[in-house]
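Start from the sequences, fold in the hints, and give me the full structure.
Keeping their order, the protein sequence lines are chains E and R. Those letters in the first sequence? Residues 60 to 316, per the numbering used here, in order. Those letters in the second sequence? Residues 74 to 200, per the numbering used here, in order.
No lab work stands behind these hints, which were simulated from the structure alone. All residues carry an ideal CB built from backbone N, CA and C; glycine is no exception. Wrong hints could be hidden among the right ones.
Each computed BS3-like pair below joins lysine-lysine, with the alpha-carbon atoms no more than 30 Å apart [unchecked claim]:
hint, chain 1, residue 1, chain 2, residue 2
1, R, Lys-138, R, Lys-121
2, R, Lys-183, E, Lys-193
3, R, Lys-138, E, Lys-275
Derived, one-sided and incomplete: chain E residues facing chain R with beta-carbon distance under 10 Å [to be verified]:
hint, residue
4, Leu-99
5, Ile-103
6, Met-108
7, Val-195
8, Phe-284
9, Val-292
10, Thr-294
11, His-296
Residue strings, one per chain:
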Amino acid sequence: MQASIQIDHAPAVQYLLRIGDTCLVHGQRIAQWCGHAPILEEDIALSNMALDLIGQARAVLTRAGELEGRGHDEDQLAFLREERDYRNITLVELPRGDFAFTVLRNVMVATLMKQLWQRLCDSSDAELAAIAGKAVKEARYHQQHAADWVVRLGDGTDESRRRIEAALAELWRFVPEMLESDAVDEAAHASGLGPRWADLKDAWQAEMSTVLQAAKLDAPPEAAFRSTGKQGVHTEHMGFMLAEMQHLQRSFPGGVW
Amino acid sequence: MTDHDSKVDETPSPGQGRAGEGTSHVPPPAAGAAGTEWPLWEVFVRSKSGLDHKHCGSLHAADPKMAIQLARDVYTRRQEGTSVWVVRSDQIVASDPGDKAMYFDPAEDKVYRHPTFYQLPGAVDHM
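Here you go:
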């Protein structure tokens with residue numbers, strides 16, 4: 060069994076891990092639809108999206124490893140950390156749920172990532188800016204595709220309406236974590252590495268409210284609850300997901316296709 | 074796309090099972106699947122600017138926008154495309170296979186249809 064790595068907690072590394080881990084875990088959850096989506100065509104669409112996200116995670120984790128300076132590569136960072144060292148937003152680690160849950164979560168995350176990648180195109184880190192230039196195009200499509208589904212389900216049948224409403228009620232309390240800033244954000248803002256996530260709030264809310272309106276849905280009021288994935292404190296679902304995700308690299312260190 | 078038709082045929086439409094994890098016990102609709110299927114669309118992809126759109130397969134989608142998105146996802150996954158067209162399959166008028174002999178009998182023996190009775194100038198070498 061391959062032992063866990065210890066990572067550096069410098070703000071710039073944390074900032075990148077939040078992005079890279081959000082992509083990684085989100086991609087892992089979406090990939091769980093492979094072979095299970097309601098129709099074959101959407102199965103392929105979701106798998107494409109998952110692969111885009113894994114690609115983004117690879118690039119960002121590689122860069123995080125370089126900035127960290129301990130010689131950790133993308134695979135070590137993806138597969139050999141303890142749960143507490145993952146910095147993804149909590150929203151993405153929740154089990155994939157039903158199709159309504161998935162498309163609503165997809166549009167919430169894609170809207171965030173679209174705004175974030177857009178801003179990261181101007182990062183002081185040239186490598187990150189280049190990654191963002193490619194990723195923003197992918198995120199735009201993810202956002203549009205997922206938003207269309209939310210509108211269809213919201214403005215569809217009684218069944219689809221019931222499901223998307225349930226998903227909204229379940230997922231909305233994880234929004235505040237995405238759109239708040241802390242010392243890590245302040246450091247990234249000061250160095251020009253990237254925006255404070257709180258600075259994305261207005262654009263995120265505007266874009267989401269357009270989607271929800273078209274779907275004839277009302278955003279629930281903001282909850283007092285605060286999820287803490289970005290701080291490394293995760294839900295009970297995270298450990299199970301990591302156990303599955305890390306299994307091969309832990310059992311066969313350095314294994315490749 | 075023949076290799077997925079068999080799967081699509083046995084897939085219930087949304088809201089009637091398979092839509093989520095919690096519905097796997099829901100039996101397929103009793104009525105024939107034909108009435109609940111999404112329409113079929115033919116997909117045409119242009120691989121490079123300046124080339125023609127070429128037919129590359131078909132897919133099921135509920136509306137034009139979904140058809141375009143799914144065409145992009147299903148048929149341009151490996152950068153095959155710069156543009157896609159979709160058209161409802163039921164909007165295509167096709168020749169009747171029964172007319173094949175009448176319509177398409179090889180015309181090689183009809184020499185008068187082939188431009189073989191004059192010399193091309195050298196300048197139009199590759200016609």
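Structure-based check of each hint:
| no. | hint | verdict |
| --- | --- | --- |
| 1 | R:Lys-138 to R:Lys-121 | 22 Å, holds |
| 2 | R:Lys-183 to E:Lys-193 | 57 Å, violated |
| 3 | R:Lys-138 to E:Lys-275 | 19 Å, holds |
| 4 | Leu-99 | 5 Å, holds |
| 5 | Ile-103 | 5 Å, holds |
| 6 | Met-108 | 9 Å, holds |
| 7 | Val-195 | 17 Å, violated |
| 8 | Phe-284 | 24 Å, violated |
| 9 | Val-292 | 26 Å, violated |
| 10 | Thr-294 | 18 Å, violated |
| 11 | His-296 | 14 Å, violated |
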